[in-house]
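Asker: So the chains spell out like this:
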Amino acid sequence: MAKVLLVDDDAAFTSATAQLLTLLGHEVETADTVASASTLLHGNTYDRVFLDLMLPDGSGFHLLDHISHDTSRVTIITGHPAVKAQVMNLYGMNVNYLVKPITLDQLKRLFDEADVNPATGAAKRHFGELIGESAPMHALYNMITRVAASYANVLMLGESGVGKEVVAKAIHKASNAPGPFVPANCGAFSAELIGSELFGHEKGAFTGAISRKTGLFEQAENGTLFLDEITEMPLSLQPNLLRALESKMLMRVGATTQIPVNCRVVSATNRDEQQIVESNCLREDLYYRLAVFPIYIPPLRDRMEDLPLLAQSFLDTLNRENNTAYTLASSDLERLMSYDWPGNVRELRHSVHRSYIMTSPDAEHLSIPDSFSSPFSRRKTSPAQPMLVGRTIEEVERELITETLKQFDNNKTRAAEVLGVSVKTLYNRLGSYEAENAQQN
Amino acid sequence: MRNKTERFLHDARGPLNTISVNAELAKLLAQKNGAGDNIVNALNIILSECQRCNQILYEFGAESSGDSME
Chain A
1 MAKVLLVDDD
11 AAFTSATAQL
21 LTLLGHEVET
31 ADTVASASTL
41 LHGNTYDRVF
51 LDLMLPDGSG
61 FHLLDHISHD
71 TSRVTIITGH
81 PAVKAQVMNL
91 YGMNVNYLVK
101 PITLDQLKRL
111 FDEADVNPAT
121 GAAKRHFGEL
131 IGESAPMHAL
141 YNMITRVAAS
151 YANVLMLGES
161 GVGKEVVAKA
171 IHKASNAPGP
181 FVPANCGAFS
191 AELIGSELFG
201 HEKGAFTGAI
211 SRKTGLFEQA
221 ENGTLFLDEI
231 TEMPLSLQPN
241 LLRALESKML
251 MRVGATTQIP
261 VNCRVVSATN
271 RDEQQIVESN
281 CLREDLYYRL
291 AVFPIYIPPL
301 RDRMEDLPLL
311 AQSFLDTLNR
321 ENNTAYTLAS
331 SDLERLMSYD
341 WPGNVRELRH
351 SVHRSYIMTS
361 PDAEHLSIPD
371 SFSSPFSRRK
381 TSPAQPMLVG
391 RTIEEVEREL
401 ITETLKQFDN
411 NKTRAAEVLG
421 VSVKTLYNRL
431 GSYEAENAQQ
441 N
Chain B
1 MRNKTERFLH
11 DARGPLNTIS
21 VNAELAKLLA
31 QKNGAGDNIV
41 NALNIILSEC
51 QRCNQILYEF
61 GAESSGDSME
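Read top to bottom, the protein sequences are chains A and B. Those letters in the first sequence? Residues 1 to 441, per my numbering, in order. Those letters in the second sequence? Residues 1 to 70, per my numbering, in order.
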């Protein structure tokens, strides 16, 4: 439950919104002028303040100085969409906006972000979706907040399983777009039908087109269209997508006239930028149109401090769904932390689920398997090096250390653990290699 | 003319906003038992806001006609 202050001089709106928020379980107070709101703000602390900008005795902006931004979040209620970017630029992350007319879904979403359960210690879900308090994730939250305030298209880059669709949903929620979130996987459509899926078709456009069909672009009107695996889209169709993005107009298959479309396109790929260029799977002009705002989503191994939160969250969900109360033993958590999770968050979730299924009904702790390795553990299975007779033990040892460090992104603590030596020993070895190199040069 | 259009858009969103939250409230109340009076009240507000929005549209139409005649 949140304590809410609603400041607006439209009594019919204030009364209904206060009732709505109360029905959602929040405690609401109302004010209809800057003066009455100031009085309430002096004596009380609110979790969230809804603020109309045009009040009878002045601008709602005047109240921002009276609000503690450490404890309160502010939502500006505006009739003008252009205000939202100014709000974000002027007041930062604790101030957002709602554009009239307001819906119940928008109100609910605002409180999703602060959906923390202090009693159970459940992890905070940022934007109602994302779990993690590491530095890379906070940098990501900052980017989501910034891009959500704009109309820019977003291209997300990241390994398989990092949660690109979840980030796309977070952008959609943060933008408070009135339209829906429509996800689609470009790799799942046949080359013949992808045009019809994206842009729709008219009755009789082709054999089997027995009625008019609206495409994904139209379904996402005033919302967000998420195109996963965008690099799997046939090159021959990419000019059509480019035209739709540039002109904000599209033509259904078999139609003779264009129709306007208005939605943000968030696309994603698990190829990095270098691979996109080398594989020639995405037209350069389309890349720039999609990647107005590129976002790189970090792999799980780069934010291992988030793993306990994620594992606990997955376990909480399973416990809740099945009315159980398994816990994670600290020794098992350490084992989870020692694996590098090449399949990222998806692999972690599946491992927790698999462990949950294997756990005995009378057990207290989750039964974590002995090994997590999967056929896709590319980081664990680098091609075997030929063992050439004639090399010295020192040479082999040096190669082993170098390769191990490469596998763990030069993380010396983890490399030392895997090699079975102390970190100090590893540093000594590296120091001696540097000295040898210096002598040779 | 641009200022007039912006003011019109702002004014028209006011009643639409009130209609929207009252419709949401009526919908939510309809799912609960014993909230008949509140539902009727919310629907009355929706109807009166429709009239207010209609008046704004009428005034904008009249002003626009005046502009085009000038």
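No lab work stands behind these hints, which were simulated from the structure alone. As the structure is a prediction and not an experimental result, all values here were calculated from the model. Keep in mind that a hint or two might mislead.
[Said to hold, decoys possible] DEER-style ranges, computed between Cβ atoms:
#, chain 1, residue 1, chain 2, residue 2, range
1, B, K27, A, D9, 49 to 59 Å
2, B, A30, A, Q274, 22 to 32 Å
3, B, L57, A, E165, 40 to 50 Å
4, B, K27, A, V277, 43 to 53 Å
[Claimed, not checked] Here are some of the chain A residues that sit facing chain B, going by a computed Cβ distance under 7 Å:
#, residue
5, G79
6, L318
7, N322
8, N323
C-beta atoms are modelled at their ideal positions from N, C-alpha and C, and glycine is treated no differently.
Asker: K27(B) and D9(A), beta-carbon distance inside 49 to 59 Å?
Answerer: With a Cβ separation near 25 Å, K27(B) and D9(A) fall outside 49 to 59 Å, so the hint is violated.
Asker: Has the hinted range 22 to 32 Å been met by the Cβ atoms of A30(B) and Q274(A)?
Answerer: 56 Å, violated
Asker: Would the hint on G79(A) be counted as holding, given a Cβ-Cβ threshold of 7 Å to chain B?
Answerer: With a closest approach of 4 Å, the G79(A) hint holds.
Asker: Could you say whether the range 40 to 50 Å given as a hint is met by the Cβ separation of L57(B) and E165(A)?
Answerer: Holds, at about 41 Å.
Asker: Regarding the hint that N323(A) lies at the interface with chain B, is the smallest CB-CB distance below 7 Å?
Answerer: 26 Å, violated
Asker: N322(A) was flagged as interface toward chain B. Is the shortest Cβ-Cβ separation under 7 Å?
Answerer: Violated - the Cβ of N322(A) stays beyond 7 Å from chain B, reaching only about 28 Å at its closest.
Asker: Cβ-Cβ distance between K27(B) and V277(A): within 43 to 53 Å?
Answerer: 51 Å, holds
Asker: Should the hint that L318(A) touches chain B count as held when the rule is a Cβ pair under 7 Å?
Answerer: 30 Å, violated
Of the numbered hints listed earlier, those contradicted by the structure are 1, 2, 6, 7, 8.
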